[in-house]
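Participant: Heads up: the sequence lines are chains A and B, in that order. Read in order, the letters of the first sequence are residues 1178 to 1472 in the working numbering. Read in order, the letters of the second sequence are residues 83 to 370 in the working numbering.
Bear in mind the hints are in silico, worked out from the structure with no lab data behind them. Being a predicted model, the structure only gives us computed values, none of them experimental. Certain hints may be false.
Claimed, not checked - Lysine-lysine pairs mimicking BS3-like chemistry, simulated, CA-CA at most 30 Å apart:
| no. | chain 1 | residue 1 | chain 2 | residue 2 |
| --- | --- | --- | --- | --- |
| 1 | A | K1258 | B | K193 |
| 2 | A | K1288 | B | K261 |
| 3 | B | K193 | B | K156 |
| 4 | A | K1204 | A | K1452 |
| 5 | A | K1319 | B | K369 |
| 6 | B | K369 | A | K1288 |
| 7 | B | K236 | A | K1258 |
| 8 | B | K130 | A | K1261 |
| 9 | A | K1258 | B | K291 |
| 10 | B | K193 | A | K1261 |
| 11 | B | K130 | A | K1319 |
| 12 | A | K1452 | A | K1421 |
| 13 | B | K201 | B | K236 |
| 14 | A | K1288 | A | K1261 |
| 15 | A | K1261 | B | K291 |
| 16 | A | K1421 | B | K130 |
| 17 | B | K369 | A | K1258 |
| 18 | B | K291 | A | K1288 |
| 19 | A | K1261 | B | K156 |
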Amino acid sequence: MKEVVVLSGKGGTGKTSIVGSFAALAKSKVLVDCDVDAADLHLLLQPARRERHEFWSGQTAFIAEDRCTQCGLCQELCRFKAIKDFRVDPISCEGCGFCSRICPTEAITMKENLAGHWFISDSRYGPLVHAQLGVAQENSGKLVATVRQQARQMAEKEVADYIISDGPPGIGCPVISSLTGANLALLVTEPTLSGIHDLERVLGVCRHFGVPALVCINKYDINEDNARHIESYCRGQGIEIAVKVPFDNAVTEAIVRGLPVVEYTEGVVSIEITKLWQNISDFLARSQGGTDANI
Amino acid sequence: MIISVASGKGGTGKTLVATSLALSLKDREQVQLLDCDVEEPNDHIFLKPVITISEAVCIPVPEIDEKKCNYCGKCVEVCAYHAIAVFPGHVLVFPQLCHGCGACSYLCPEKAISEVGRKIGVVECGHSDGVGFAHGKLNVGEAMPTPVIRRVKKRANHDGIVIIDISPGTSCPVVESIKDSDFCLLVTEPTPFGLNDLILAVETVKELKVPCGVVINRAGVGDRKVEEYCLNENIPVLLTIPLDTEIARLYSRGITLVEGMRQWKESFIGLFDRIRELVDERSRSLKR
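Same shape as in the complex, but just chain B (with noise of 0.2 Å):
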């Protein structure tokens, strides 16, 4: 089973939630936790883990072999991407527009486009007490963060349970790490803010058909309305932690909530037999 960890605005606790979580079930599930949050990535600061494999992710760029080239520009004519240039006796290639589509090199009539691989970033996998990682990293500077993060989901072990932190936002990153999910769980905070944003998060993970549930974090702080809007969408609120000073210290200092205050192992325990009845009841339904 795959639970995405998401929300629509940043800082809400995603990453709080996903490592407790992941810690909370390892005794009774085998349990991995994917950071696919490749720009930002912080679940490695709270678990530690020891990393066993590296590998480089690269996506292949045109390369142009000039003494076959005839300059005839069919290669600017089908990029997309605008990442080919053509001047006459010169070929220009710019790398970071690429998105690696290979229709350069195969539609080269002159058959004069091999690809290279040009690295973005770096997926690491390893452990931690037990929880499986994972997570990526894309090259300070680099603009595209998808292919980083299809590698990381690629590390699914699809046997246990999945436990996916995502990036912020609800664009193309956000989309390409919670498809494929069970269930989503969505992180917010009762603020106008945090409704605004889980309001564009919920209609996300409805055009991705991924069910969802919420969290909300830092309960007190603001007003109701995120708890009236989840009633009135019959969206379930299925954890609720408070506003409280100690536990943003335990995060300041990278120590996850159910290390630092082991009463809320029971909690996240809960929120995960929850998770597991909506999903079990949803694919009842699907059958029937």
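Only chain A is shown next, with the shape it has when bound in the complex (with noise of 0.2 Å):
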């Protein structure tokens, strides 16, 4: 079993659209959508929920009025000023636990977050591990982390050959989250000068979690001499560039459509992604080793 991440960087370069395309395309497989925060590739896959679960994580502090004294210590030791008039602001507190230890009338007790759900379910492609986290909640990373260890025990039931997982933009915690331990991260750079930037940061991410990375360049024709100095970049650093796929309305059609953009149209652009996903199992299947299903 292997594990492809699609990561960017940048928001909006077409991380989803190639996953979901990756969906149609890919033979056995599991896929995960791990941005927690703004999932949209059910919106493409249009999969029945099979199981909806909670997702308990971290704590809030409450503070019991009928105990408290208002001596204060609470609200001079909360390093996120969280305690404001003897009230907790549930969005700036962090969870820490450090008011209800040193309370002297012991009024403020730590209580559970329900962060958000993940959910199981089934498409006309194959089982979609996916979650929404709570509105203005924290701990994305960890249910990340969560829907990954779902779908890795399911592709070990199901003996499914992949696991592909639609990365969320950026790369703080949640993108640490859907990248340790996979077997390859593709990149999906678009040739502007803020998507060459994040480009280069999240490289870095995937270098220093020790993940090898492949690049495609999307949308490579709105501006050719900027795809031309991504080339060289990635050369340079040693990095395969897969495929670059033209602008095409066609791929935003098919989003409105519900589709994966290669059921959509057997334009360039489906070329060319079909393209990138012989690529990447050509590359998964010369990688050693298979993903531990108990990290």
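Using the hints, put the two chains back together into the complex; each one sits in its own frame.
Facilitator: Following this line, the structure appears as structure tokens:
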């Protein structure tokens, strides 16, 4: 079993459209949406929900007014400025529990947060594990770890060849949580100065965690000079450019129809994405070892 | 007045809107642009600011004095983030897991724990052609952007107009960035992805009690469901930017919309005037 995660640094470069197409192209796989803040893959795969699970993570402090003597020690010691006028602001509270331990009248208790939900769904392309972080909740990294863990167990059980993950934008906690231990990161970039800047940083994260990377330049014909710049940058870094995909409105039209783009058009976009999946499966076939189901 | 520019979905045009809004206002307002997308900051590519101040962002992490430590394990018990492990005769600290709450050092019975700064990023401040500028950069490999975001926000000049560019998503970095804004502009695109993530972003700003309005970018590309949603939810659509390959090309070269196509300046000034009206209306209604 091999795991590929699709990242980009910059948002909106086309991760989900590409993963949706991989869903249609790859044979035996489990799909994962690791963008737990703003999950969109289900809009392309249109799955039927099989299971819904609560995700409890982290804590929030609560002050019992009747026991509070308003001594102010908690306000003074809270590093997150989460207590004002002897009330806890649940959005600022990071759940460290320091206040509950130092309160002289034991007026503060910590309560578990329902931080979101995760789901197992069935699509016509195979099972999808996805999640929704609760509004204004923390711990997106832990929720990502949960969906990946579930996907691994399912892939073991079903003896699937691939786990294909749609990753979040950025380089922080949920990205690190999506990336660690994967066999390959596909970095989808676009030929804009922002795209290049963000590619360099996300590539740094892949290096930091020792995950090999391939690059796909999406919408390369928006600025061919920049596309060439990305190619020469990647060559210099020893990173392979898997494919270049041209800009095509059909990608958006496919999203509106709720279809993977490779099922919507037979145009160049679909030909290139098909080549991309071929490159990735070849790369994974060459790479050593599978994914440890118990990470 | 603080105006934050957010979106659930990435790549909808936050940076385009934030930079053009700041540049359009600079002749008539004292304006500052804060890039709080500290994971992937891009505003500097467009504004090319002169950086005058650069400061490290550190979070306090425990340092154990093993001469004083008797390995009682109190620190392990009080750490909510599992950042400390105690073995017989040895203590291990995992600085990457530490949130810097300070509980371990305060509660250590032997006073064996002090705190040292661990650098997780940098904040840079400067200016660009009449616009005040600050951004943060999270170090590659670091997981926690919020302490860097807090430091960028400390740079806000509350006497003028502060525009905050925010990372995509709806989780802690977004919440930290939007918090305390007077208004939040949500930039979206008219596709099912744009709509799905807009709805999540609207729920987030409602939770934070920050009023919001929508900018629809790449109009004409998808369907009309974003407009229908805004109408039904009574969320004002304040600006519409069409799908235009010329705009995409300018963006790709790091040129702001108002510099590349000057006719847009009036639209951004109009956008700001609408925001100010909405903020004034709201503060009047809150007083009542």
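Participant: Would you check the hint for A:K1258 and B:K291, treating anything up to 30 Å between C-alpha atoms as holding?
Facilitator: holds (18 Å)
Participant: Can the restraint linking A:K1288 and A:K1261 be considered satisfied, given a maximum Cα separation of 30 Å?
Facilitator: Within the cut-off at roughly 19 Å; holds.
Participant: Hint check: B:K130 vs A:K1261, CA-CA at most 30 Å. Holds or violated?
Facilitator: violated (39 Å)
Participant: Has the given pair, B:K193 with A:K1261, been kept, meaning a C-alpha gap of at most 30 Å?
Facilitator: holds (28 Å)
Participant: Decide if the proposed pair is consistent with the structure: B:K236 and A:K1258, CA atoms, cutoff 30 Å inclusive.
Facilitator: holds (14 Å)
Participant: Below or equal to 30 Å on CA atoms is what counts here, so check A:K1258 against B:K193.
Facilitator: Holds, because 24 Å separates the two Cα atoms, which is no more than 30 Å.
Participant: When you check the alpha-carbon spacing of B:K193 and B:K156, does it fall within 30 Å?
Facilitator: Roughly 11 Å separates the two Cα atoms, so the pair holds.
Participant: Check the hint pairing A:K1452 with A:K1421 against an upper bound of 30 Å on the C-alpha distance.
Facilitator: holds (10 Å)
Participant: Given the hinted pair A:K1421 and B:K130, is their Cα-Cα distance within 30 Å?
Facilitator: Holds, at about 29 Å.
Participant: Sort out whether A:K1288 lies within 30 Å of B:K291, counting only the CA atoms.
Facilitator: holds (23 Å)
Participant: Are the Cα positions of A:K1288 and B:K261 separated by 30 Å at most?
Facilitator: Holds: A:K1288 and B:K261 sit about 23 Å apart, inside 30 Å.
Participant: Straight-line Cα separation of B:K201 and B:K236 no greater than 30 Å?
Facilitator: Given that 30 Å is the threshold and the Cα spacing comes to 18 Å, the pair holds.
Hint compliance for this structure: hints 5, 6, 8, 11 are not met, and every other hint is.
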